Amino acid sequence: MFKQKNYFALGVVMLVVVLLLSLPTRVTGRFKLALGSWFLPLFGLAGAAQQLPADLADSVLPRHELLKQIDNLRRENQQLRSQAVQSAAIARENDQLRTELNWQKQAPWKLKLARVIMRDPANWWRTVQIDLGSRDGVTKDLPVLTSSGLIGRVSSVSLTRSQVVLIGDRACRVSAIVENATRDMGVVVATSPIDTSLVNLTYLASSANLKAGQGVVTSGLGGVFPKGIPIGQIVYSSSVEYGLYTEAQVKLNANLGSLEQVWVLFP
Amino acid sequence: MNAFRTILILAAAFLAVFGEATLPFPRSLLGAQVDLLPAIMVYAALNSNLTTVVTLAIFGGLWFDTFSADPLGVTILPLFLVGFPIHLRRDLILRQALFAQLVLGATASAIVPLVKLLMLLSGSTGPLLGWGTLWQWLVMTAGGALATPFIFELMERCNRALGYQPRQETSFRPDREIQRGRKKN
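Chains as they are written, first to last, in the working numbering: chain B, 596 to 862; chain C, 1155 to 1339.
Since the hints were derived computationally from the structure, they do not count as laboratory data.
Be careful, since some hints might not be right.
Simulated DEER-style distance windows between Cβ atoms [unchecked claim]: (1) B:L635 - C:S1182: 19 to 29 Å; (2) B:E671 - C:P1178: 22 to 32 Å; (3) B:K700 - C:S1278: 30 to 40 Å; (4) B:L661 - C:Y1318: 52 to 62 Å; (5) B:R730 - C:L1308: 36 to 46 Å; (6) B:Q856 - C:S1276: 32 to 42 Å; (7) B:T694 - C:L1275: 46 to 56 Å; (8) B:Y831 - C:A1251: 42 to 52 Å; (9) B:Q856 - C:Y1318: 38 to 48 Å; (10) C:T1205 - B:P703: 57 to 67 Å; (11) C:L1275 - B:G732: 28 to 38 Å; (12) B:T694 - C:S1182: 44 to 54 Å; (13) C:G1280 - B:R730: 25 to 35 Å; (14) B:V835 - C:G1280: 15 to 25 Å.
Since the model is a prediction, treat every value here as computed from it, not as a measurement.
Glycine included, every Cβ here is placed at the ideal spot set by N, Cα and C.
Isolated chain C, as found in the complex (with noise of 0.2 Å):
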């Protein structure tokens, strides 16, 4: 575990966030724009430490937050309420599994802006609720169930071409070397 794991996590809510916000899809064909923020959160809380959760959570809500009309800061604790949990089982969870990889994205996904909407139910000017609403909640869990995987594979992939691997120790020991020849007494 180094550094370079986080600084890729972050970089990646970075550029999903611009994404969400300037992309025009799925939106203009679901009607609903797939967060992909719980996913890379379902990434970090299985494969880094829980300095990286906290601050994907925070640096993620808080991006998210500054391009919506979301107030600042609420969404920081749905991505940490639905990491959280995902760390402290990491070692029990098949995290190389694509059924897992699945299921955890469905479950982020979903939580995510239910949590969020409650938070926002409380404050004064209400969000924008309908029948609609349960079509776009669909279209967020299952767009980012289906982001996982893809998340995982690439997050690897790049942790493999650009981060910094242990190197393989080799089975050479000075003290077992074959000593050829005659022993000098």
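Chain B with its partners taken away, still in its complex shape (with noise of 0.2 Å):
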């Protein structure tokens, strides 16, 4: 039954892996790099493919509809810079009082829009990948979020592409507090490997008074995430190991399950 070429190929297939999960993790993200280059022509035509459709919805509408939309939009745009006018009023107040205070002041948040073009594979892992990389000027634990809120950090990069590992993931556990009167501090940790939008906050004040509804967003603590970017809300909580710590499940802000675009976050 067991001939030499069955040895043999055992061995080579034994000495590979060995090989490989010997490798240290940079060499191994050229490796992957490198591999992933290969799907490259099929980024094109799955890219093409996605756009055809709106091209060609784009091409077959009809012009009143397109004057409609125009003219929406130019309200929109009014609107969106008499508010952009207010919110700089409102930085400026911001800035002087910090100054008067001696406090820091705050950087304005530099952000760039990137598009999912890859989930992770395998069911273990909330990971996603961007078409942002390293010559857009992105690096490693880079904030990651939606118009709605948080949803992840920049785990790995290449030259064209980023691994974005996602909020709820065993990798990305977020400082952040309850905004309630008592500012409740706690970890925004993984739950269940199904539920998408649900996560854990946990390590919160035995003493916590925490309800239904109330927001939840980052601390600042840990200095990969800026303060006070929304993550979700609380829907439950529980004390936990006789009464130790309190933990809470948060309903995210962001949908991870339908990304489409994201915005990464520049220092």
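Each of the two chains sits in its own frame; use the hints to bring them together as a complex.
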């Protein structure tokens, strides 16, 4: 049954596996980059296939519909401009007050739009890949968010793509504050492998006064996520470890199951 | 057996990995993505040689790990551990029977994630596990089982349509040609 060629095949596979698993992370990252480049033609095809229906829809849209859309966009633009003027005035006032109190000035957020190009094929990780890489200035640990709230951080970067580890994965823990009177602080950790909309907020003080619907934002501790990025809302809280601390379930603001476009937050 | 079948199997694995990473179905519906590599490995183990099994395990595993947060190379061994015993016993397996394809597909799709999880649990960053993992494992097993007969059918059709087929021997034999007319002495 066991011929020499079978032993040889088994030996080759074992050798390759041991060799690859013993390589340093930096080298395996480069290997992954090289192997990922094999799929570039397919990425191009998939992108073109996604763009085609949109292009077709645009070409058959009647003129009056386009004019209506332009009119709506103009109105929205005017509203946003007036809001931007108001925000700038508030920011100036905030800066002035911070200067008077000798507080450090808040840096404005620099955001870059990215497209989610693929999800992790393995079910036990929560990661996605985006179409921004080191050539776009992306570095490791940059926060990634949507207009609804935080979704994760950049975990590895290649030239044209980056891997984003999503909130709820074991590799993405976030220090957070509950928006209540006592500003209770905890850590957002992973929960169920299936439900991507829920995460656990743990290590809250045992005296924490939590109610359903209270907002949860980043605390700014840890140096990765800036303070004040919305994360989600408290759903349910309970005392754990014989009352040693409180744990809460948080419903995420961002829908991690249907991510298409995300923002990378630059320092 | 020719190289075309090996190329076809590798191309199927390449497309399967890309599809698993880019297509939202069935993850959006069932909460788990079905892995097609074990099903392709079953086909390769039953219909090709050991070199193809080894090549598929190495390249399929590497492609899968490229898009995943898995450490590079962790998928190779589980795929090979499924393909190798099937290949050794391929003469005893009724590969054309639908039931055999379903059972082999289910077994392979169940074993590969289990072995991979065992390997990952020995690493530094553990994977996201819970009661939901059991559901994901069932979806992967059932999905793999259902996909296997489709993969067999698809690969056979592609092989018939595009591959080299040995020429059918004719019944004509020059030494048995009937000589008509009278023999000339």
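Now for the hints, and whether the structure bears them out:
Distance hint check for L635 (chain B) and S1182 (chain C): the Cβ-Cβ separation is about 26 Å, which falls inside the suggested range of 19 to 29 Å. Between E671 (chain B) and P1178 (chain C) the Cβ separation comes to about 29 Å, which falls inside the hinted range of 22 to 32 Å. Our hint of 30 to 40 Å for K700 (chain B) and S1278 (chain C) holds, since their Cβ atoms are close to 39 Å apart. In this structure the supplied range 52 to 62 Å holds for L661 (chain B) paired with Y1318 (chain C), their Cβ-Cβ distance being about 54 Å.
Range check, R730 (chain B) to L1308 (chain C): about 38 Å between beta-carbon atoms, so the 36 to 46 Å window is met. A beta carbon spacing of about 37 Å between Q856 (chain B) and S1276 (chain C) agrees with the range 32 to 42 Å that was offered as a hint. At about 53 Å, the CB distance of T694 (chain B) to L1275 (chain C) agrees with the hint of 46 to 56 Å. Separated by about 51 Å at the C-beta atoms, Y831 (chain B) and A1251 (chain C) satisfy the suggested range of 42 to 52 Å.
In this structure, Q856 (chain B) and Y1318 (chain C) meet the distance hint of 38 to 48 Å, their C-beta atoms being roughly 47 Å apart. In this structure the supplied range 57 to 67 Å holds for T1205 (chain C) paired with P703 (chain B), their Cβ-Cβ distance being about 59 Å. Distance hint check for L1275 (chain C) and G732 (chain B): the Cβ-Cβ separation is about 36 Å, which falls inside the suggested range of 28 to 38 Å. For T694 (chain B) and S1182 (chain C), the hinted distance range of 44 to 54 Å is satisfied, since their beta carbons lie about 49 Å from each other.
The supplied range of 25 to 35 Å is met by G1280 (chain C) and R730 (chain B), whose beta-carbon atoms lie about 33 Å from each other. Between V835 (chain B) and G1280 (chain C) the Cβ separation comes to about 20 Å, which falls inside the hinted range of 15 to 25 Å.
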